[in-house]
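Model the full structure from these sequences, guided by the hints.
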Amino acid sequence: MAVQDQDNFRKAQAAHWPKEDLSRYMGRWIAVRDGKVITSDLSLSALQSQSEVKPSDVFMPVPRTRAGFFIA
Amino acid sequence: MASSPSEIVPYRAGPDGQMRPYLWLVLTGPRGGERVLVSGLVDTGADRSVLPIDYAQKLGYEVDDLAPVEIGQVEGSASAWVAQKPCHAFVDGIPDIRFEIEPLFVAGLNALWGRADLMMNFTIGVSEKDRELTLHRG
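The listed protein sequences derive, respectively, from chains Y and C.
Under our numbering, think of the first position of the first sequence as 1, with each following residue one higher.
Under our numbering, think of the first position of the second sequence as 1, with each following residue one higher.
What the hints contain is simulated information worked out from the structure, not anything from laboratory work.
Please note: incorrect hints may appear among the correct ones.
Ranges between beta-carbon positions, derived for each pair [stated by the list, open to error]:
{"id": "1", "chain 1": "Y", "residue 1": "Ser43", "chain 2": "C", "residue 2": "Arg137", "range": "29 to 39 Å"}
{"id": "2", "chain 1": "C", "residue 1": "Arg35", "chain 2": "Y", "residue 2": "Ser43", "range": "30 to 40 Å"}
{"id": "3", "chain 1": "Y", "residue 1": "Leu42", "chain 2": "C", "residue 2": "Glu128", "range": "26 to 36 Å"}
{"id": "4", "chain 1": "C", "residue 1": "Ala78", "chain 2": "Y", "residue 2": "Asp5", "range": "37 to 47 Å"}
{"id": "5", "chain 1": "Y", "residue 1": "Leu42", "chain 2": "C", "residue 2": "Pro68", "range": "33 to 43 Å"}
{"id": "6", "chain 1": "Y", "residue 1": "Gln6", "chain 2": "C", "residue 2": "Ala78", "range": "14 to 24 Å"}
{"id": "7", "chain 1": "Y", "residue 1": "Glu20", "chain 2": "C", "residue 2": "Gln84", "range": "35 to 45 Å"}
{"id": "8", "chain 1": "Y", "residue 1": "Arg24", "chain 2": "C", "residue 2": "Gly138", "range": "34 to 44 Å"}
{"id": "9", "chain 1": "Y", "residue 1": "Gly27", "chain 2": "C", "residue 2": "Ser77", "range": "18 to 28 Å"}
When the alpha-carbon atoms are kept at most 30 Å apart in a straight line, the in silico DSBU-like pairs for lysine-lysine are as follows [to be verified]:
{"id": "10", "chain 1": "C", "residue 1": "Lys58", "chain 2": "Y", "residue 2": "Lys19"}
{"id": "11", "chain 1": "Y", "residue 1": "Lys19", "chain 2": "C", "residue 2": "Lys129"}
{"id": "12", "chain 1": "Y", "residue 1": "Lys11", "chain 2": "C", "residue 2": "Lys58"}
{"id": "13", "chain 1": "Y", "residue 1": "Lys54", "chain 2": "Y", "residue 2": "Lys11"}
{"id": "14", "chain 1": "C", "residue 1": "Lys85", "chain 2": "C", "residue 2": "Lys129"}
{"id": "15", "chain 1": "Y", "residue 1": "Lys19", "chain 2": "Y", "residue 2": "Lys54"}
{"id": "16", "chain 1": "C", "residue 1": "Lys85", "chain 2": "Y", "residue 2": "Lys19"}
{"id": "17", "chain 1": "Y", "residue 1": "Lys54", "chain 2": "Y", "residue 2": "Lys36"}
{"id": "18", "chain 1": "C", "residue 1": "Lys85", "chain 2": "Y", "residue 2": "Lys36"}
{"id": "19", "chain 1": "Y", "residue 1": "Lys36", "chain 2": "Y", "residue 2": "Lys11"}
{"id": "20", "chain 1": "C", "residue 1": "Lys129", "chain 2": "Y", "residue 2": "Lys11"}
{"id": "21", "chain 1": "Y", "residue 1": "Lys36", "chain 2": "Y", "residue 2": "Lys19"}
{"id": "22", "chain 1": "C", "residue 1": "Lys129", "chain 2": "Y", "residue 2": "Lys54"}
Since we're looking at a predicted model, the values are computed, not measured.
We put the CB at the ideal spot given by N, CA and C, even for glycine.
Structure, rendered in C-alpha cells:
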C-alpha cells in the first residue's frame, strides 16, 4: 500500500510538469495542458484572456533567474 | 489504507536547464474559490513562501488583504506585499495534510516554498547527490 501511495504521489507531482524545454518562455507565463505548453503571455491575466486557454489548464510563471528574497 | 511516512520527489529541470527541487502545491484563497495549482521551488533559505503577484488576484486577495513591505534580494531592494490573510494549501498528491500560507507576493515570476508554512508541516530532506526531495510527514 505504501508503494501504491508513493506511486500516486509521484504521478500527481509529475502530471502537470511541461515535457518540453522552457527556456524560450523565460520571463513569461505559460498555459500547460497534458504536459504541453499551449500558449504564453507576459502576465497571468493576459494569458487567461487568450481564446485557446481553457479554465482547466495549468498556469505557470517561467522565471529568468532563481532569485532569493528576504524581508529587509 | 496505511500511508507511507515519507514521499520522494525527483528534481526537475528548470527553464535554465538546472535540476532543482520543485514541488506542486494546491492553493485556495482566503475566501475560498477555485483551487490553484502552483509549482514552486523548495527553498530552505526562504523565511516564508513567495508567489508572483499575479497569483494574488487569482487567489481572490483584495488590496486591503495585502501589506506593502520592502524586500531584499540578490539584485537589490524591491517592493512586495505580505498577505494579511492566509490561503489554504496542500501538497498535490498529499491531500490529507492541510496547512496555511501567508504568502509574500513579489513582482517577479519566482515561486518559493519557505520555512514558515510548508516546512512547519513536513520535515524536508534534500539530497543533492541523488537529486531528490523527501517530504517526511509530521
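Against the structure, the hints:
no., hint, result
1, Y:Ser43 x C:Arg137: 29 to 39 Å, "37 Å, holds"
2, C:Arg35 x Y:Ser43: 30 to 40 Å, "21 Å, violated"
3, Y:Leu42 x C:Glu128: 26 to 36 Å, "33 Å, holds"
4, C:Ala78 x Y:Asp5: 37 to 47 Å, "41 Å, holds"
5, Y:Leu42 x C:Pro68: 33 to 43 Å, "23 Å, violated"
6, Y:Gln6 x C:Ala78: 14 to 24 Å, "39 Å, violated"
7, Y:Glu20 x C:Gln84: 35 to 45 Å, "38 Å, holds"
8, Y:Arg24 x C:Gly138: 34 to 44 Å, "41 Å, holds"
9, Y:Gly27 x C:Ser77: 18 to 28 Å, "21 Å, holds"
10, C:Lys58 x Y:Lys19, "25 Å, holds"
11, Y:Lys19 x C:Lys129, "23 Å, holds"
12, Y:Lys11 x C:Lys58, "25 Å, holds"
13, Y:Lys54 x Y:Lys11, "22 Å, holds"
14, C:Lys85 x C:Lys129, "38 Å, violated"
15, Y:Lys19 x Y:Lys54, "19 Å, holds"
16, C:Lys85 x Y:Lys19, "35 Å, violated"
17, Y:Lys54 x Y:Lys36, "13 Å, holds"
18, C:Lys85 x Y:Lys36, "34 Å, violated"
19, Y:Lys36 x Y:Lys11, "16 Å, holds"
20, C:Lys129 x Y:Lys11, "23 Å, holds"
21, Y:Lys36 x Y:Lys19, "6 Å, holds"
22, C:Lys129 x Y:Lys54, "39 Å, violated"
Checked against the numbered hints listed earlier, the structure breaks hints 2, 5, 6, 14, 16, 18 and 22; every other hint is satisfied.
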